[in-house]
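Protein chains in written order, with my numbering: chain A, 1 to 214; chain B, 1 to 193.
Source of the hints: derived by calculation from the structure; they are not laboratory data.
Dumping the calculated DSS-like pairs for lysine-lysine here, alpha-carbon to alpha-carbon at most 25 Å:
#1 200/A - 13/A
#2 34/B - 167/B
#3 164/B - 205/A
#4 167/B - 205/A
#5 200/A - 164/B
#6 34/B - 158/B
#7 164/B - 34/B
#8 124/B - 99/A
#9 167/B - 200/A
#10 63/A - 13/A
#11 13/A - 205/A
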Amino acid sequence: MAKEQHAYEEFMKGLWRENPVFVQVLGLCPLLAVTNSAINGLAMGLASFFVLLGSSILVSLLKNYIPKQVRISCFIIIIATFVTVVDYSLAAAMPVIHKELGAFIPLIVCNCLILGRMEAFASRNTLRMSIADAFGMGAGFLFALVALGGAREILGVGEFFGLSLFGPNFEPWVIMILPPGGFITLGVMLLYFNWVEERKNQIDKQLAAEDGVN
Amino acid sequence: MGDLGWIFISTLLINNFVLAYFLGLCPFLGVSNKLEVSFRLGLATIFVMVVTALCAWILNTYVLIYAPYLRLISFIVVIASVVQLIEMAIKKLSPTLFRALGIFLPLITTNCAILGLAIFATNKGYGLWEGLVYALGAGMGFTLAIVLMAGMRQEVEKANEMPKLIKGFAFNLIISGILSMAFMGFAGLFSSS
Numbered sequence: 001m002a003k004e005q006h007a008y009e010e011f012m013k014g015l016w017r018e019n020p021v022f023v024q025v026l027g028l029c030p031l032l033a034v035t036n037s038a039i040n041g042l043a044m045g046l047a048s049f050f051v052l053l054g055s056s057i058l059v060s061l062l063k064n065y066i067p068k069q070v071r072i073s074c075f076i077i078i079i080a081t082f083v084t085v086v087d088y089s090l091a092a093a094m095p096v097i098h099k100e101l102g103a104f105i106p107l108i109v110c111n112c113l114i115l116g117r118m119e120a121f122a123s124r125n126t127l128r129m130s131i132a133d134a135f136g137m138g139a140g141f142l143f144a145l146v147a148l149g150g151a152r153e154i155l156g157v158g159e160f161f162g163l164s165l166f167g168p169n170f171e172p173w174v175i176m177i178l179p180p181g182g183f184i185t186l187g188v189m190l191l192y193f194n195w196v197e198e199r200k201n202q203i204d205k206q207l208a209a210e211d212g213v214n
Numbered sequence: 001m002g003d004l005g006w007i008f009i010s011t012l013l014i015n016n017f018v019l020a021y022f023l024g025l026c027p028f029l030g031v032s033n034k035l036e037v038s039f040r041l042g043l044a045t046i047f048v049m050v051v052t053a054l055c056a057w058i059l060n061t062y063v064l065i066y067a068p069y070l071r072l073i074s075f076i077v078v079i080a081s082v083v084q085l086i087e088m089a090i091k092k093l094s095p096t097l098f099r100a101l102g103i104f105l106p107l108i109t110t111n112c113a114i115l116g117l118a119i120f121a122t123n124k125g126y127g128l129w130e131g132l133v134y135a136l137g138a139g140m141g142f143t144l145a146i147v148l149m150a151g152m153r154q155e156v157e158k159a160n161e162m163p164k165l166i167k168g169f170a171f172n173l174i175i176s177g178i179l180s181m182a183f184m185g186f187a188g189l190f191s192s193s
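The task is simple: from the sequences and hints, build the whole structure.
Dropping the structure here:
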């Protein structure tokens, strides 16, 4: 039971408390490049999720056999293998989305989030914990991609997952689905997370002060 | 000349790697707080990009036609090792140049702009010269973007009325958004041709 709790903790950590995008600000390149619609964000998120999970499992199983000096190169080769698998599977199963995401599927290799998790977590923990961590971080990244893609699609086209939201009188903000919109939307979202953090600190401080008085 | 010149200008300004393709954001947001450092990082990036384009062309022409599924892995491994070798050579031959670029070279290799360059050049089917010009344009575009960004950030540092909330990543992203909007203006450059 205690172990169960622990794995759940790891999962929630990735999903919210240490969200890879909003809190750690990692993996920005694929994040901004493909999120001009929610569906692209979802596809990218699932692809990254699969790569993260697969490489976490493999690295965690092989951690005793990988020499310390060349570990980074080994991680990159493992990640690149999984990315190749995803690239070819997507091209076969969903050619339309594959074309839309284009060169950004191979670029999952350079996502510092994935390499970071290998180095900081999977190579130091048991298989169970690594899987929990990969699930959490993958889900957190997926959440960020869909949130960003959704926000940009709603403002930029007036649709969500292809469903029209506002009717024909809506004037779309074309800038939101163009590159500048990506930068600005993420900037505003980070601002929001900063604000939440700031408020939490203030409340904590207040509580501590009240405790002191009592 | 026409074709090569067009490739150069279009990667430099219109399809700027950082501001239109979102490649190489980590150094763009991370290392852009000092003007001089970011300029040197830009120079090192140009250098690595040209080397990458050369490696990618050699691999594409002689190796990958037999085994296309090895593309990604071989790009990463070959580019990283070649850059490492060149770093050692520079260290030996020209200590001055090494002091200017040295520390950045291994860092840049894992930058997604480098791999992105190799993949884009392959997807577009560029030959040797086109690839090299493409790399030069992309590298200079990166340098331009990061130097502009560093200049702005240095000025913003001087302002002391900034709310604490907005400092850091959030603000840098919004500056980049505005910069990216400015670069969109270049898109009209070739509309008539």
